[in-house]
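*Asks:* As given, the protein sequences belong to chains A and B, one line each in that order.
Once you know that position 232 of the first sequence is 231 in numbering that gives the first Met the number 0, the rest is easy, because the numbers rise by one and skip nothing.
Once you know that position 304 of the second sequence is 303 in numbering that gives the first Met the number 0, the rest is easy, because the numbers rise by one and skip nothing.
Under the rule of at most 20 Å between Cα atoms (straight-line distance), these lysine to any residue pairs were calculated in the SDA-like manner: (1) Lys-94/A - His-107/B; (2) Lys-38/A - Ser-305/A; (3) Lys-94/A - Trp-115/B.
Some chain B residues judged to face chain A by a derived CB distance under 10 Å, without partners named: (4) Glu-124; (5) Gln-237; (6) Gln-328; (7) Gly-343; (8) Ser-376; (9) Gln-383; (10) Gly-387; (11) Pro-389; (12) Leu-390.
Since the hints were made in silico from the structure, they are not lab data.
Here a beta-carbon is modelled for each residue, glycine too, at the ideal position from N, C-alpha and C.
Spelled out from the first residue to the last, the chains are:
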Amino acid sequence: MESVRRLVTVLGTAALILGTLTVSVASTTVAASASSKFKACVVTDTGGINDKSFNESAWDGLKDAKKQDSNISVQYLSSTSSSDYAPNINSFISKGCGIIVTVGFLMDAATAAAANAHPSQKFAIVDDAPVVKTGTHVEALQYETDQGGFLGGILAAGMTKTGTVATYGGQNFSAVTLYMNGFVAGVRYYDKTWHKKVKVLGWTPGKGTCSLAACSGKGTFIGNFTDQTAGKTDTTTFFSENADIVFPVAGSVGLGSVVAAKGAGAGHYVMWVDSNGCLSDASDCKYFVGTVAKGVEPSVEAAVLSAAKGTFKAGSYIGTLANNGTQLEYGGVTIPTSLKSKIATVKAGIIAGTISVNPNSYPPTPK
Amino acid sequence: MSDAATSKAPPEEAPTENPPRPALYRSLWARYTSTSPIIVALYALTLGLVFGAIIIIVTTPAVLDAWREIFRHWDALPHALNVSFNNVGAAYRAIFTGSVIDPQGFWHSLTTGQNWPNTLTPLSETLTYATPLLIVSVGVGIAFQTGLFNIGANGQAVIGGVAGTVVGSMVRLPTFIHLPMALVGGILGGMLCAAVPGLLKAYTGAHEVIVTLMFNYVTYAFLLYAVLSTPFQQPGQQNDIGRTLYPSAILAPLFGTKSGLRVSYGVVVAGAVVLFAWWLLDRSSLGFDFRVTGANPSAARASGISAKSVIVIVFLISGGLAGLAGFVQVASTTHYIDGGFLIGNAGIGFTAITVALLGRNRPVGILWASLLFAALSVGGRNMQAATGIPLDLATVIQSAVVLFVATPILVKEIFHLRGTSQASTLKISTNVWGS
Chain A
0 MESVRRLVTV LGTAALILGT LTVSVASTTV AASASSKFKA CVVTDTGGIN
50 DKSFNESAWD GLKDAKKQDS NISVQYLSST SSSDYAPNIN SFISKGCGII
100 VTVGFLMDAA TAAAANAHPS QKFAIVDDAP VVKTGTHVEA LQYETDQGGF
150 LGGILAAGMT KTGTVATYGG QNFSAVTLYM NGFVAGVRYY DKTWHKKVKV
200 LGWTPGKGTC SLAACSGKGT FIGNFTDQTA GKTDTTTFFS ENADIVFPVA
250 GSVGLGSVVA AKGAGAGHYV MWVDSNGCLS DASDCKYFVG TVAKGVEPSV
300 EAAVLSAAKG TFKAGSYIGT LANNGTQLEY GGVTIPTSLK SKIATVKAGI
350 IAGTISVNPN SYPPTPK
Chain B
0 MSDAATSKAP PEEAPTENPP RPALYRSLWA RYTSTSPIIV ALYALTLGLV
50 FGAIIIIVTT PAVLDAWREI FRHWDALPHA LNVSFNNVGA AYRAIFTGSV
100 IDPQGFWHSL TTGQNWPNTL TPLSETLTYA TPLLIVSVGV GIAFQTGLFN
150 IGANGQAVIG GVAGTVVGSM VRLPTFIHLP MALVGGILGG MLCAAVPGLL
200 KAYTGAHEVI VTLMFNYVTY AFLLYAVLST PFQQPGQQND IGRTLYPSAI
250 LAPLFGTKSG LRVSYGVVVA GAVVLFAWWL LDRSSLGFDF RVTGANPSAA
300 RASGISAKSV IVIVFLISGG LAGLAGFVQV ASTTHYIDGG FLIGNAGIGF
350 TAITVALLGR NRPVGILWAS LLFAALSVGG RNMQAATGIP LDLATVIQSA
400 VVLFVATPIL VKEIFHLRGT SQASTLKIST NVWGS
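If we strip away everything but chain A, and leave its shape as in the complex, we get:
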């Protein structure tokens, strides 16, 4: 027993010494492994790179860029709270990242501060437009999702059998309500143009226009982007109020709506949001009439590729139907050709600027 103990002691001490040696030896090899590759780095919000939402999309955008251009290497840092944003960004600046992608309006202040302090460091920020002193190195990636939502509203209004559709949000943020506002506008446009009386539950647009910065109105909100049970409950309530298509703008909460649609029997559907539901949740594809997508991934990829090539354009990128920054993708439900052609016509009208996506341009839906 005594010898065993001594052996363990010796091993423990050996581990200590080896550990110290490792740390000192490895110092040389780290420096050697640093290559001349173009580094693309993303600082994620607290959701991390597996949030099935815009953090993940931004990270996927980086990885797509890496596939396109083998000279690009990618890295990420997750933030555990908003006090991590600044040090995470600074950490990447000191690691010599060619472009730093930040995600979300909460990183606005930290990104602006870092950009002002480092005028030669390239940045791209998703879903936000920070105010920067000298604007030659920051690209703001924003998406007019009400355009995609508008097409989603037309699709839902054309597909409903009960004459009622519904939407709800995760929280009352403009990034969320912009979708819902466009959705309501689409339904109203459908009613007006084709003389139908489809109702929308869950969102009543406020007066005035809705923009990326602010979008007022009243509606149903879960209060977070994680509580799928609440999503299921709210969706079941909408179904009991005669709705048959629900458009959740609440990230993974929407999976609760899918559960509710399964439970409610045939004829109940969900419209997915952000990234194609038939890809991110393939097994439930038959419950999706479509997806109102936001082009985070392609726009981040484009920003990274342009930075790597030296053709980086600072300023504002606005994702629209015209540049696929937002779009309507069809799901696993069969859609009549006539409806598809209507949607195509409306899409062309929005791109041409002849159709307004402001719900106040159309008479409200009947109560």
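Place chain B on chain A using the hints.
*Replies:* Just chain B now, with coordinates in the frame of chain A:
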């Protein structure tokens, strides 16, 4: 050194109160095999790092590939060892240089006098991270010493942060009065939030673990409500973000804004908290009452200490410190609160429980423990940026260290330490009393 020789040295007393000075005649060996809490903690850290190294080796694809080679031919063994060493070494080196100092940069600054801000950034970040953690951990430690579990420190910090930020962002005053008022606002917010479980415990016997734990959820809902409703929400924002502190209410950077170093006057606040806690526990009669109550509730009652008032006062102090920590967190880093404030991994009130355990609930012990945790977290970020090994590894090491500290018998067996087990066992009364 034979075992017979070492065993002649007098066994150590329980050093929780006044550890005896190591006698000069005692050999180094004896000192390194003693069960003083510091030694046990150091060995626990070593084991934690070894554990972390194993995790790195079994989760890094490049290392695994190197090891897989040895199934084809044994010659690959040196290569596999080399790759393992390189990866583990790079990770730990990144943790060190990212949280303490980069030797090369330090030497460069020392010889040329340039680039000091960059060289000191790691230390500054570690202190910035450690400051609120230290304050809240001291509060949790005081409660532990009295035999009370304050699991709601995180919620109290949230409320303290909101309360302090309300004072700091919605009132305009000159700095010399504004900052103290905001700090007091934070303390009062935390006290208010802790008073409820304290009173419930004292007068109805409701178990404080349940009540404080559940209160965390109440505070999260309140936080979201606060940052989304009109008076406190940042004007012109629809998102879950609160007002920004006026410059007169922030804890300014110690070395000025231009230095870029974030370490703030919060460290002064933290220092004052450690002094206060030391005085309270070791020098005041109130603190004596606390410790007696924690050590032996029946004896405390028999000697005329009012259990009810001790419970309420301890909760007020513990909650007040948590609230202060919440405001210090806001005032030294972001200067505003958002809907994710102290939620999830950022919940310093939960980390505080393990920090207090590691620091054996003593203010000075907690000081070192919070510095260690801060260094691992901050260094972990640098590790991820430099090597791609996820930040979570830092959490693994932290958890392993606490696990080994909490099981001192294991550490003693592994490193063959002597001495009474009394010295290194965590002493927290789990008695349910006072009802």
